[in-house]
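Order-wise, the sequence lines are chains P and B.
Using this note's numbering, the first residue of the first sequence is number 1, and each one after it goes up by one.
Using this note's numbering, the first residue of the second sequence is number 166, and each one after it goes up by one.
None of these hints come from the bench; they were simulated from the model.
Computed from a predicted model, the values in this text were never measured in an experiment.
Some hints could be false.
[To be verified] To give a feel for the contact side, a few chain P residues facing chain B, derived at Cβ under 10 angstroms:
#1 51
#2 110
#3 139
[Unchecked claim] Some chain B residues close to chain P (C-beta under 7 angstroms, calculated; not the full set):
#4 197
#5 202
#6 206
#7 217
#8 221
#9 244
#10 408
#11 411
#12 414
#13 430
Glycine residues also receive a C-beta, built at the ideal position from the N, C-alpha and C atoms.
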Amino acid sequence: MSAALRRERSALALLVFAVAGVGISAYLTTLHYADVAPVCTTGGIVDCTSVLQSSWSTVPGTSLPVAVPGLLWFAVSGTLALLSLRAAASGRAEPRGLRGLHAFWAVAGMVAVLCLVWAELVELRRICEWCTAVHLLVLASLLVTLVRLQPAGEVEAELDRDPAA
Amino acid sequence: MLYRAAAPPAKRPRHTPTGAGARPSRRARPPFWRNPLVVAAMVTVLVVVGVIVVVAVRGDTTSTGTGTQAAQSGTPASSAVMAAVSGPDAAVLAAVGNGGLPSTFTPVRDAAALTGRDGKPEILYIGADYCPYCAAQRWALAVALGRFGSFDRLEVSRSSSRDVFPDTATFTFRNARYSSPYLDFVAVETADRTGAPLQAPTAEQQALLAKYDAPPYVAAASAGGIPWLDVANHYVMVSSGFTPAVLSGLSWDGIAARLGNADDNVARGIIGDANNITAAICTVTGMQPAAVCSSAPIAPLVAALR
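Chain P extracted, bound-state conformation (with noise of 0.2 angstroms):
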């Protein structure tokens, strides 16, 4: 691995997540189109085949799972972070505003994500263990994000101008 990717772990954990859920997104959607119950715990607190057929489950105003919207955040989310490791690997410049779209992206994911985890327990007392790890996985991105939003150190540009770094 270049020094350079090296310096975009952030990035590459970015992706992993990204990754981890879209497979996980994926797995869901594909349960609710297949009408095939999950693996995971039923009965209790923790009962993912209820909450998964509950009417939260599904866009307001459609039949559409939210697993697929949440699909789509990691893809988006996972295709920034390949922006930013390409760019990397090349040498070049990230292209202009991409780690704050990225946080904004996060932040908005983080917001819809909050919205579930409020279905989950008020609504449902119940909670899903798939649609803990997506979450964890937004968090974990947004956290992510926010640190890649703060300046690389200072010693490092510092670095860029050593000519023995």
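Start from chain P and add chain B according to the hints.
Same frame as chain P, now just chain B:
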């Protein structure tokens, strides 16, 4: 040149501890948990989740739209709801089948038939207004019974605000009157939605409950549970045939409207469960009325039950 991850920072006096011209030491980026944006985000998320947890624990649903409406026991179901329940589309009934829900009825083979005052088979339901699983089961039961007779007064209600699947829109059978040429329906709602005692089962009903709402007729973990349904002492069933989750957040009219779409989870739950109940009832009415019991998908469900 190394890749610059961000715009060059504003210049500050360079700190050179080893003297001018020395290579600057790499100053590690501060740990992420000291990043003010990360701290602010974490605090915000934790506060919001904390508020959600508090609201959930307190059973406070005062800002959840349809879920906020107070129980409306005593209010008759609207004509739209009654029409959807008592006359669902035959094509939808057939398309849903059992909705992918296996019948959870247990046969009772050693009991005398339970009959009403005029000798018709009796369907006995025992539940409570607060119980969310009863809330779900009442929808299916109302659809099933609507195929054998008619309700005179079916009132709307909601399950408890403090239980799982809070405020599920449903009916209460506490004041319902049902008439049918094929069967008698007896319902006992033991408590209101707050848990206060409402209707007490008779001694005979208590005896049936003690005997058939217990192993081997129901799983040990479900013994004594409600809703409990006794189909003329031929079949018994405890709990609902589908999860109340599918009704969460929906109004009565919203649920009724979804009964017309065979692909909707609401229709698959309510009508699938209703078809299973209908099949069980057909076994005690001598497959009458034929228009119901010999129709698709009831006939095959009856065959599977037997």
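We went through each hint and held it up to the structure:
1. Restraint check, residue 51 of chain P versus chain B: the minimum CB separation of about 7 angstroms is within 10 angstroms; hint holds.
2. Interface restraint check: residue 110 of chain P against chain B, minimum CB-CB distance 7 angstroms, threshold 10 angstroms, status holds.
3. Taking 10 angstroms as the C-beta contact cut-off toward chain B, the hint placing residue 139 of chain P at the interface holds, the least distance being around 7 angstroms.
4. With 7 angstroms as the threshold, the beta carbon of residue 197 of chain B comes within range of chain P, its nearest partner Cβ sitting at about 5 angstroms, so the hint holds.
5. With its C-beta approaching chain P no nearer than about 4 angstroms, residue 202 of chain B sits inside the 7 angstroms limit, and its interface hint holds.
6. Annotation: interface hint on residue 206 of chain B holds; nearest CB of chain P at approximately 6 angstroms, less than 7 angstroms.
7. Below 7 angstroms, beta-carbon pairs count as interface contacts, and residue 217 of chain B has one with chain P at about 5 angstroms; its hint therefore holds.
8. Among the interface hints, the one on residue 221 of chain B holds; its C-beta lies about 4 angstroms from the nearest C-beta in chain P, closer than the 7 angstroms criterion.
9. For the restraint placing residue 244 of chain B at the interface with chain P, the shortest Cβ-Cβ distance is roughly 23 angstroms, beyond the 7 angstroms limit, so the hint is violated.
10. The restraint placing residue 408 of chain B at the interface with chain P holds, with a minimum CB-CB distance near 5 angstroms, inside the 7 angstroms limit.
11. The beta carbon of residue 411 of chain B comes within 5 angstroms of a beta carbon in chain P, closer than 7 angstroms, and the hint placing it at the interface holds.
12. A cut of 7 angstroms between beta carbons decides the hint on residue 414 of chain B: the least distance to chain P is about 5 angstroms, and the hint holds.
13. Satisfaction of the interface hint for residue 430 of chain B is found here, the shortest Cβ-Cβ separation to chain P being roughly 6 angstroms, below the 7 angstroms cut-off.
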